[in-house]
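Visitor: Going line by line, the protein sequences match chains A and B. Quick note on the working numbering: the first sequence kicks off at 1 and runs consecutively. Quick note on the working numbering: the second sequence kicks off at 90 and runs consecutively.
Since the hints were derived computationally from the structure, they do not count as laboratory data. Built from N, CA and C at the ideal position, the CB exists for glycine as well. A hint or two may mislead.
Unchecked claim - Every beta carbon over 12 Å from chain A, so not counted as near; a handful from chain B, in silico:
1) 120
2) 145
3) 148
4) 173
5) 181
6) 190
7) 208
8) 348
Said to hold, decoys possible - Here are some, though not all, of the chain A residues that point toward chain B, as calculated from beta-carbon distances under 10 Å:
9) 18
10) 26
11) 73
12) 76
13) 79
Said to hold, decoys possible - Simulated restraints, written as ranges between beta carbons of each label pair:
14) A:3 x B:324: 32 to 42 Å
15) A:40 x B:114: 21 to 31 Å
16) A:26 x B:324: 25 to 35 Å
17) B:364 x A:38: 46 to 56 Å
18) B:144 x A:17: 57 to 67 Å
19) A:71 x B:308: 28 to 38 Å
20) B:215 x A:45: 33 to 43 Å
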Amino acid sequence: MPKQKLLVLYAASSSPDSPVGAWSVFDGTGRERHMAGDQDEPPYSSVLAAMRDGWRVIQLPPLQAAAPGAEHETAFLPYEFVLEKLVES
Amino acid sequence: MAPARRLTSLQVAGFVADGVLRFDGIVPRAVGDAALAELAAGGPPSPFGADPASPANAWPGRPLAGLFRDWPALAAVIELPAVAAVIESLIGPAPIYDHHYTHVIAPRQEWSQPWHADAILDPRRAAFDIQLCFFFHDTPREMGGTMVLPGSHLRRVNEAAIARYQNFVGQQAMACPAGSLLVCHHGIWHCGQPNRTDRSRTMFKLRLNPSVPQRLLWDTSDLRDPRIGRILSRDHLWYGHEVRLEIANRIRLWRALTGDPGFDVDRWLTRLENEPR
Numbered sequence: 001m002p003k004q005k006l007l008v009l010y011a012a013s014s015s016p017d018s019p020v021g022a023w024s025v026f027d028g029t030g031r032e033r034h035m036a037g038d039q040d041e042p043p044y045s046s047v048l049a050a051m052r053d054g055w056r057v058i059q060l061p062p063l064q065a066a067a068p069g070a071e072h073e074t075a076f077l078p079y080e081f082v083l084e085k086l087v088e089s
Numbered sequence: 090m091a092p093a094r095r096l097t098s099l100q101v102a103g104f105v106a107d108g109v110l111r112f113d114g115i116v117p118r119a120v121g122d123a124a125l126a127e128l129a130a131g132g133p134p135s136p137f138g139a140d141p142a143s144p145a146n147a148w149p150g151r152p153l154a155g156l157f158r159d160w161p162a163l164a165a166v167i168e169l170p171a172v173a174a175v176i177e178s179l180i181g182p183a184p185i186y187d188h189h190y191t192h193v194i195a196p197r198q199e200w201s202q203p204w205h206a207d208a209i210l211d212p213r214r215a216a217f218d219i220q221l222c223f224f225f226h227d228t229p230r231e232m233g234g235t236m237v238l239p240g241s242h243l244r245r246v247n248e249a250a251i252a253r254y255q256n257f258v259g260q261q262a263m264a265c266p267a268g269s270l271l272v273c274h275h276g277i278w279h280c281g282q283p284n285r286t287d288r289s290r291t292m293f294k295l296r297l298n299p300s301v302p303q304r305l306l307w308d309t310s311d312l313r314d315p316r317i318g319r320i321l322s323r324d325h326l327w328y329g330h331e332v333r334l335e336i337a338n339r340i341r342l343w344r345a346l347t348g349d350p351g352f353d354v355d356r357w358l359t360r361l362e363n364e365p366r
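Build out the structure end to end from the sequences listed, making use of the hints.
Guide: Structure representation (structure tokens):
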């Protein structure tokens, strides 16, 4: 039965064609084990490039107005795109 | 021994921009070897997770000076003029001991610690603690060491809430020669890397708090160097178009550290502060 593989790409802006600044891979098949600091280069230059390689986008980052009084606060990466592939295991 | 020169404004600006400063080989080999031997023999007990009856529990909040007197090699490391100058430049002449911990990563430890920031979400803007990470032995990349994310220190996250992230453009593993020191802002995102060698890896971490306002504590003879603006404007790339927010927050910290409320770069804050009445 197919199992889910997730690719999480953190883009420079809300656009899927903007450059990737951070990424994670979670492999539900158990074949690959990824962890912090295990790759030096992103697997794709953009979300769009990953889509062209067969990854399906299952989450677009919502666009949220800055909280009043905290307009310049930064914390988590705001442009998180979640993509999946279903892989036979 | 004559005191070493304190950090320059360019170095402190680099710390404000990156959240880290690196000093390769700042600890002489003999001093570092002696410190490693003390740590291997049990070292000073860490208050982190210590038994409530342990003397180590009385250390946090006390002046650093003299605390390590029963561990002369570690005391010698902390009192090295070059190390003391770094400490004084960032948090002042009378640092407060927060805690220390000796991280020992076993041989063939294939697991990476998740990305995290230490302690809890810290809302301070004008003050910061520093964490000194000493690597007393050679630490090649296959041995780890600690990985840091330059430019992450001003982002407000709580501990391992960032554990979902695995890799960033610009992440840096501390692969270094023996005797190296990584000085981190308390908010830096970091993770201990796997040790794929047959030797254990030791990193001695010491967290210190300021006891004085952190204002112009370094060698300010280059305070007007025009390169400071460019340093504060560094783009680490991984945070995308939020770079301008990062620069604005660095300008705020630089204003606090210099006592110059009018300092700016590219008018990022000045135009926001212009509200004619």
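Visitor: Any hints this thing doesn't respect? Which numbers, in order?
Guide: none
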